[in-house]
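Mind docking chain B on chain A? Use the hints.
Here the protein sequences line up with chains A and B, keeping their order.
Sequential numbering of the first sequence, starting at 1, is according to full-length UniProt numbering.
Sequential numbering of the second sequence, starting at 1, is according to full-length UniProt numbering.
Nothing false has been slipped in among the hints.
Heads up, the list lumps identical chains together, so a pair's fine if it works in one copy or across two of them.
Derived lysine-lysine pairs resembling DSS-like cross-links, with alpha carbons at most 27 angstroms apart:
id, residue 1, residue 2
1, K323, K59
2, K56, K323
3, K334, K59
4, K81, K252
5, K302, K316
6, K56, K316
7, K81, K238
8, K24, K59
9, K222, K391
10, K24, K369
What the hints contain is simulated information worked out from the structure, not anything from laboratory work.
2 protein chains.
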Amino acid sequence: MHDEKGVTPQSEDFSRWYIDTIRKADLMDYSPVRGCIVFKPDGYELWERIQAGLDKRFKETGHRNAYFPMLVPESFFQKEKDHVEGFNPELPWVTEAGGEQLEERLALRPTSETIIGHMYSQWIQSYRDLPVLINQWANVFRWEKRTFPFLRTSEFLWQEGHTAHATEEEARRETMQMLEIYRDFVESELAIPVWTGEKTPSERFAGAVQTYSIEAMMKDGKALQAGTSHYLGQNFAKAFDIQFLDRDNQRKYVHTTSWGASTRLIGALIMVHGDDQGLVLPPRLAPVQVIMIPVGPPKKRKDVMGPFDRIFETLKQAGIRVKADLRDESPGWKFNEWEMRGVPLRIELGPRDVENNQCVLARRDTGEKLTVPLDKVLETVQSLLDTEIQKNLFRMAVDFRDRHSHLDLETLDDLQQHIAASSERGEPAGWMLAGWCGSDACEAKVKEETKFTSRNIPFHPPEEKKRCLVCGDSARHTVWFARAY
Amino acid sequence: MHDEKGVTPQSEDFSRWYIDTIRKADLMDYSPVRGCIVFKPDGYELWERIQAGLDKRFKETGHRNAYFPMLVPESFFQKEKDHVEGFNPELPWVTEAGGEQLEERLALRPTSETIIGHMYSQWIQSYRDLPVLINQWANVFRWEKRTFPFLRTSEFLWQEGHTAHATEEEARRETMQMLEIYRDFVESELAIPVWTGEKTPSERFAGAVQTYSIEAMMKDGKALQAGTSHYLGQNFAKAFDIQFLDRDNQRKYVHTTSWGASTRLIGALIMVHGDDQGLVLPPRLAPVQVIMIPVGPPKKRKDVMGPFDRIFETLKQAGIRVKADLRDESPGWKFNEWEMRGVPLRIELGPRDVENNQCVLARRDTGEKLTVPLDKVLETVQSLLDTEIQKNLFRMAVDFRDRHSHLDLETLDDLQQHIAASSERGEPAGWMLAGWCGSDACEAKVKEETKFTSRNIPFHPPEEKKRCLVCGDSARHTVWFARAY
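Bound-form chain A, shown alone (with noise of 0.2 angstroms):
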């Protein structure tokens, strides 16, 4: 761990940056399982603070954490036939158990909606059983191909939801809710904007009627999908027969929802605000918030643990996650460790400050040093976590973003030549806003092509554009098109 060579500056090596960095700063490792890997404390952290914050959201608006078996037998697969579809590709099955073989295979879960639909036709009889409002924490396998930490591997951790309704319209109202929950968790917490919209008919979900992300733009100029909500109409409820008896009593089949996000959030987090010194974390989301190191000869220590001490008191008083690194190292290994581990703020103090009254904060966002008195620092820390740093971070973020989202190309070729061109800068490529006539034929073009693929039609579009980019017919929608993780 104690190497001290860099990470691989993000312009020369994107991805390598991002290896070097996540395990520069302790977040993973790789395992002997294929495609597995190993979430270390400080990567596994991040996630319990991720769960944190989206369990609460969940809580408030009425949903309740359930757990269900994680095997699923083979024949509920075959129940909805887009489902089995696009899963079955990638599946894992348990074949033998106890010393026997199995009469059934056993799959381990990509997803749970077969499983879980299973248990609601049991559960859900009447309209006064209904809104069903459960989500689950769990692992999930997709068996990948290739892999990438936190973005792509064999085994995930997710949570997700699962809901059935009485009427299309709560069950649609519930699927936007929940994307709204996710937008807000990431942009307010995370510090990453997201663009909210549909999925095209290609990218949706195997069994979904319609399908919705949020999608964010990493540091590469590349799309992540950092969150999917969907409204599944009756499929489901026709696949494993959920019907209830309504209040005018008539049979009838509920309309079910399902909505995830996953640990892919660690990596969105570390691609939108890492840089060549490693991690940048938003201090909402941040372990660490605040790291303090005594500095100046060490002889002179003495002077400075008492002032040192109480303002490590006083923060932590505050409720400020802060930490002390007394160890013996020189304080500018410490500070390219801290930077590297991405805390928000640093805390300098060394004898002259004490003779000053005052210390040093350096901010991980901008770099910048601000001499503080002592009797400020609380409520310098806390507006600078609270809100400039925070708030810093999503604009140069937003910024970022911006800059490379090309809302001037109208055409394939447009395309084309931007990314040759990007390519020839040294530059990311970033997104397309584009015009999508609605045929799975331009769309497909538009990534045998360039493999940008359409990431969502954004509810809010910058603006509307008015012809396919790939036929030049009228658009019916304006899509954003990216290369995508």
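Same frame as chain A, now just chain B:
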């Protein structure tokens, strides 16, 4: 759910009482996957509270959470001889994934010593890397032939701590510290008295040098192992080559520990406190601590609701988990419902109460009703929840346990006669405190003849026994014997 029939009385059939109770209280459901249950929201919420209480204690003692892959390559199990023998018969295996046969089978973890041992061998190089103090919250699998909800299922939820230390002494101290954390948590939050002690060799965790446990008595007199802490010595360190360079420049194997508690604790909670009306939850763990129910004629409801809402708000503001039941059902029906769900305290408020500036508190643990002036409700509720009810439940459980702990039986013969006599009287046989010579044969004989197994060798037995209950030789240990879940 609105079936009016009560639960089977405990005295008639304890297992049926248990199943009736957890079904009527809506804690779980059976699933279509063999031996796997669904943790429904009311059951899962108990687990969330257990998690929160344990997680806090783990973190306060310097442990951090991480997450390791669920799939464990077959070869890993082969590395520790006792471990593979212990767990092999119960493993489910993934043999196919992503449309291909795997070259090596992958087990669904029954516990994670092997995969974590492998990772630790890479993370630990120097004494500076020690201790490693990691915990994992996870699902685990043991393909059980006979299953029983919460107590024995093919998939269950648990935490497993895995630590590595430079010295035996430190590892042993950790083993004891975690056992003590379990004892403290289970006694103070779940109000379940336990015996802490060491397991006999035949009951040790597969691969451990020594296993310690906390053992609790259920209301049918059977024992339930409610948490275990293992000193693993250097067994896993040698199997997985976890070595470090010590201060003296020698390469040494680390000493490891592991410790776990699981969703079994939900079962223990129910079987220790429940009664013929259903669940009884200790206030510190109860998801709902106070249920408020308006009583009296519905047409006078408007006079009641003002004070009713004020009490509700006062309790809520004070951090009490209070819920109001305003459904259109009779008060009596609601009383039953919430008694069955184990809510510790009920508040009834009717028009006459309002006239007299009072309300009625009904305790779930004793059935007592108290009339309390409205301006004393908060302090009365707080004192009932925080001390009286919580302590009374613990005291009642201690009383029950001590009444069914038999210190006066000396021989296997005595035990057999006692079991026969108890069975005739329709009473729990309870536990026997016995001397034991230390031989496997004598221990095995007790099991063969009575189905009683050694629970643990308590650190502080109520008395020391002199003679082995089977061979009559002088006793090396004083042991609790009991039938166990």
